[in-house]
Amino acid sequence: MLKLLIRKQMMEIFRSYFYNAKKNTARSKASTILMFLFFGALMTFLAVGMFGALSFSLSSMIDAGFAWFYFALMGLIALLLGAFGAIFSTYTGLYLAKDNDLLLAMPISIHAIMTSRLLSVYLMGLMYSAVVTIPAVVIYFFHVPFTVSRLICALLWILLVSLIVMVLSCLLGYAVARLSLKIKRKSLVTTVLALVGIGLYYFLYFRAIDLVQDMLVNVAIYGEKIKGAAYGLYLFGQSATGDWLALAIVAAVVLAACIVTWLVLQRSFLKVATATGAVAQVKYTERTARQQSISSALLKKELARFTSSSNYMLNCGLGVLLMLLAGVMLLIKGQALVPVLSMLLADRPGAVAALACAVVCMAVASNDMAAPSVALEGKNLWIAKSLPVTSWQVLRAKLDLQLLLTVVPTLFLCVCLAVTLPLSAVERVFVFLLPLIFMVFSACLGLVMGLQNPNLLWTNEIYPIKQSLGVTVALLGGWAYAAALGGVYVWVGWKLGAVIYLGIFSIATLIIAGLLYLWLKKRGAAAFEAL
Amino acid sequence: MLQIEHLTKKFGEKVAVDDLSLHIAPGEVYGFIGHNGAGKTTTLRSVVGIQQFDAGRIKIDGISLQDDPMACKRRLAYIPDNPDLYDFMTGIKYLNFVADVFGVSAADRQERIHKYGDLFELTDDLAQPISTYSHGMKQKLAVISAWLHQPRLILMDEPFVGLDPKASHILKGMMREFCDGGGAIFFSTHVLEVAEKLCDKVAIIRHGKLIRSGTMEEVKGDDSLEEVFLELEDEESC
Numbered sequence: 006m007l008k009l010l011i012r013k014q015m016m017e018i019f020r021s022y023f024y025n026a027k028k029n030t031a032r033s034k035a036s037t038i039l040m041f042l043f044f045g046a047l048m049t050f051l052a053v054g055m056f057g058a059l060s061f062s063l064s065s066m067i068d069a070g071f072a073w074f075y076f077a078l079m080g081l082i083a084l085l086l087g088a089f090g091a092i093f094s095t096y097t098g099l100y101l102a103k104d105n106d107l108l109l110a111m112p113i114s115i116h117a118i119m120t121s122r123l124l125s126v127y128l129m130g131l132m133y134s135a136v137v138t139i140p141a142v143v144i145y146f147f148h149v150p151f152t153v154s155r156l157i158c159a160l161l162w163i164l165l166v167s168l169i170v171m172v173l174s175c176l177l178g179y180a181v182a183r184l185s186l187k188i189k190r191k192s193l194v195t196t197v198l199a200l201v202g203i204g205l206y207y208f209l210y211f212r213a214i215d216l217v218q219d220m221l222v223n224v225a226i227y228g229e230k231i232k233g234a235a236y237g238l239y240l241f242g243q244s245a246t247g248d249w250l251a252l253a254i255v256a257a258v259v260l261a262a263c264i265v266t267w268l269v270l271q272r273s274f275l276k277v278a279t280a281t282g283a284v285a286q287v288k289y290t291e292r293t294a295r296q297q298s299i300s301s302a303l304l305k306k307e308l309a310r311f312t313s314s315s316n317y318m319l320n321c322g323l324g325v326l327l328m329l330l331a332g333v334m335l336l337i338k339g340q341a342l343v344p345v346l347s348m349l350l351a352d353r354p355g356a357v358a359a360l361a362c363a364v365v366c367m368a369v370a371s372n373d374m375a376a377p378s379v380a381l382e383g384k385n386l387w388i389a390k391s392l393p394v395t396s397w398q399v400l401r402a403k404l405d406l407q408l409l410l411t412v413v414p415t416l417f418l419c420v421c422l423a424v425t426l427p428l429s430a431v432e433r434v435f436v437f438l439l440p441l442i443f444m445v446f447s448a449c450l451g452l453v454m455g456l457q458n459p460n461l462l463w464t465n466e467i468y469p470i471k472q473s474l475g476v477t478v479a480l481l482g483g484w485a486y487a488a489a490l491g492g493v494y495v496w497v498g499w500k501l502g503a504v505i506y507l508g509i510f511s512i513a514t515l516i517i518a519g520l521l522y523l524w525l526k527k528r529g530a531a532a533f534e535a536l
Numbered sequence: 086m087l088q089i090e091h092l093t094k095k096f097g098e099k100v101a102v103d104d105l106s107l108h109i110a111p112g113e114v115y116g117f118i119g120h121n122g123a124g125k126t127t128t129l130r131s132v133v134g135i136q137q138f139d140a141g142r143i144k145i146d147g148i149s150l151q152d153d154p155m156a157c158k159r160r161l162a163y164i165p166d167n168p169d170l171y172d173f174m175t176g177i178k179y180l181n182f183v184a185d186v187f188g189v190s191a192a193d194r195q196e197r198i199h200k201y202g203d204l205f206e207l208t209d210d211l212a213q214p215i216s217t218y219s220h221g222m223k224q225k226l227a228v229i230s231a232w233l234h235q236p237r238l239i240l241m242d243e244p245f246v247g248l249d250p251k252a253s254h255i256l257k258g259m260m261r262e263f264c265d266g267g268g269a270i271f272f273s274t275h276v277l278e279v280a281e282k283l284c285d286k287v288a289i290i291r292h293g294k295l296i297r298s299g300t301m302e303e304v305k306g307d308d309s310l311e312e313v314f315l316e317l318e319d320e321e322s323c
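Heads up: the protein sequence lines correspond to chains B and F, in order. The numbering of the first sequence is this note's numbering, which starts it at 6 and goes up by one. The numbering of the second sequence is this note's numbering, which starts it at 86 and goes up by one.
Treat the hints with care, since some could be wrong.
[To be verified] Under 8 Å between C-beta atoms, here's a sample of chain B residues computed to sit facing chain F: (1) Arg32; (2) Val287; (3) Glu291; (4) Thr293; (5) Arg295; (6) Gln297; (7) Lys306; (8) Lys384.
For the record, the hints were derived by calculation from the structure and aren't laboratory data. Even for Gly, the Cβ is constructed at its ideal location relative to N, Cα and C.
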C-alpha cells in the first residue's frame, strides 16, 4: 500500500516530466530525460552560483584547521534555507491535500498516508538543503586529501542535514496547522507570520555577513568559544569531516528527533487533517455592487486568488517585500555603501549603474505570480472557458496582476537607487527604464512557461506554485538574466560604457518581451483554449 | 435555439461523440440521457465551447460557435456536473464576478440575486467563502449564476445532483418558467422520472451515437421512459 501511495505522490510531483498535458500524451523517454537534465542544470546553476561561491569564501576555515566550523556554518545555512523554504508547503502538503478525504475513507493506514506525504516533504527539504550542502562538500575536498572515510562521512552529513530539515519543517508545519485551526483569517495571518519570519531571516542574514567576516579573521578565537559553549554545533560540523564518533552521536540525535516528530505527527494527523477550523461567520447584507468591466472583473479575480493563499503570496510575491526593504535599506545605509562601491568598482566605470539595474531585475524576477496562474485554475478552468471572455483577456489579467503588483515597488527601489548612487543623468534613466522593460519580460516569460504543460490536476496547490518546471524556469531564468546583466558588465561590458551596454540590454530585452507578448496573444491564447 | 450538426469528438482512438445531430427550439426543455460514458458531458462541453471537437457544426441562436464563440457564450449559461467554483471567493463575489463578465447592470443583478438567493435560501450565506459551502450550496450558487444574466440557452450537466428535495422542486419550476419565457434548456440526467415529467423532448445517446430523439410521446409511447431506455440499452448491447 505504501508503495502505491508513494508512487501516486511521485506521479503528482513529477507529472509534467512524464506527461505532456498539451498533447494529452505520455512524454517520450528522451523528452523526460531532457526535462530532468534541464531541471538538474538549473539546480546546479543555483548550487554552484550562489552557495558554491559562499562555500569558497568560507573555505579558508578549512585551511586554518577549522573544517568543523566551516561545515557547521554551511549546515546552519542549509537548515535555515530548507526549513524556511518548506514550512508552509509542509503544512499544506501534509494536512491540506485535496485527496485527504478520499484516502482516509479507504482502508489505508494513517501511517502509510503520512509516510507518503512525508516523502514529499523530505524531497522538498533535500532539494533546498542539497543546494547548500553539496557545494560545501565539493569545496571541502579541494582543501583536504580525499579519503573514502571522509567521503562517506560527508555524504552521511548531507543526509543528516536533509533529515533535520524535514524534522524542523514538520514541527513548524505542525505548529502552523495548530495555529490555523484557531485563527479565522488564515492566509492573512500566515502571510504576516511568514513576513515576520522573512524579516528576521534577512536581519540575521545581514548580521551574519558581518559576523562571518569577523569570524574569518578571528576563526581560532570564535572556534574555541563555540566549541566550549555549543558543543552540539561543534559535533554537527565535525561529523562531516570524517570523525565517525561525532557522526554517530549526531546521527543518534537526528534519528531520535525523527522518531519524536513522527510520534507527534502521528498522534495528531487525523485530527488536524480532518478539522475544518475556525470560520468567521459573516452575514450577507445586501448592497448595490458597482458594475465593472470584464478586464477589471478578471483582474480582481486574479487578485482574490493571489491574496487567498499564503503559499501563493509568499512564494510568488516575495519580490514586492524585497524591493521595499531594499529601498528602505538603501535610503538608510546608502551613503555608507557608495564609497565601498566606488572603491571596489574603481576600474570598471559605469558598473554601479549596471549592477543597480541587475539588483532591481533580480528582485523583480522574484515576483512570478503569472507563472503558476494557469495551472492554479485547476478544476475551475471550465469557468473561464465557458464565460464570454477571450483566452487573451484571461491571460492578460494574469499578466496585469504581476505587472500591477511589481511596478510600484520596482519604481520605489529605482527611485532609492537613483537618489543614493552616484549616477549620471542617462544612467539614471536606464536604472528606471531597464528594470521596467525587464518587469514586462519577466511577467511574459512566466506566463509563457506557465502555459507549457500546466498541471491542472493537482491535489495540492503547492505543486503548481512551488514544484512546477515553469515556475522554476521563470524564477531562475529571471535571476540568470540579472546575474548576466551585472556579471557580463563587470567582466567585459564596461569596455562599451554603461550607456551603450544598458542600451543594448534594454533594446534586446524589449524585443524579447515584445516577441513573448505576441506569442502569448496568439499562440498562448490558442494553447489556453486547447487546455 | 441550438443546432448541433454531425458533432464528432474523439479522444485518441475512442470516439466519444459520433456524428450527433440535434435541434432544440426556443421554449423546449430538452433532456439528454444515456449510460455513464455515453458522451453526454462531452456533447454539453462542446456546445459550451470548453471542449474542442473534431467535426460538425454548432449554432446557438443562429450564430456559429466556431465563427463567433463570444457571441454564443453571451447567450448561454452552463452548469457542470461538479460545481467547482472559485473557492477563494465568497458567494456574492462570485455572483458579482459573473455579472460583471456578462455586463449585468448593478440594479438588475441586485434584484436577481435577491430573488434567487431568497428562493434557494442562500442569501444569508452569500458573504461566506465558497470553500465553506456544501456540495448542494455550491450547486445552488451555480444555478443562481446561470440565471443571473438571463441567458437564451441553459446547458446543465446533472443539475439535480446534490440538491435537496425543495431546491430540486424550485429548480424544476425555474426551468419550466425559463422555457415558457422563450428560453431553451438542454440538460443531462440519470433521473428518468424527472426527465419524463419535465422534458418536452428527449434524446438518448449510447456510445456517442444518438439512438433516439423526439418529443416525449414519440420516444416513449405508452411505456415509461425508464422501460424504453432499458429496452434500447438491451437492444444495443445485443
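Hint check results:
| no. | hint | result |
| --- | --- | --- |
| 1 | Arg32 | violated, 16 Å |
| 2 | Val287 | holds, 4 Å |
| 3 | Glu291 | holds, 6 Å |
| 4 | Thr293 | holds, 5 Å |
| 5 | Arg295 | holds, 6 Å |
| 6 | Gln297 | holds, 5 Å |
| 7 | Lys306 | holds, 6 Å |
| 8 | Lys384 | holds, 4 Å |
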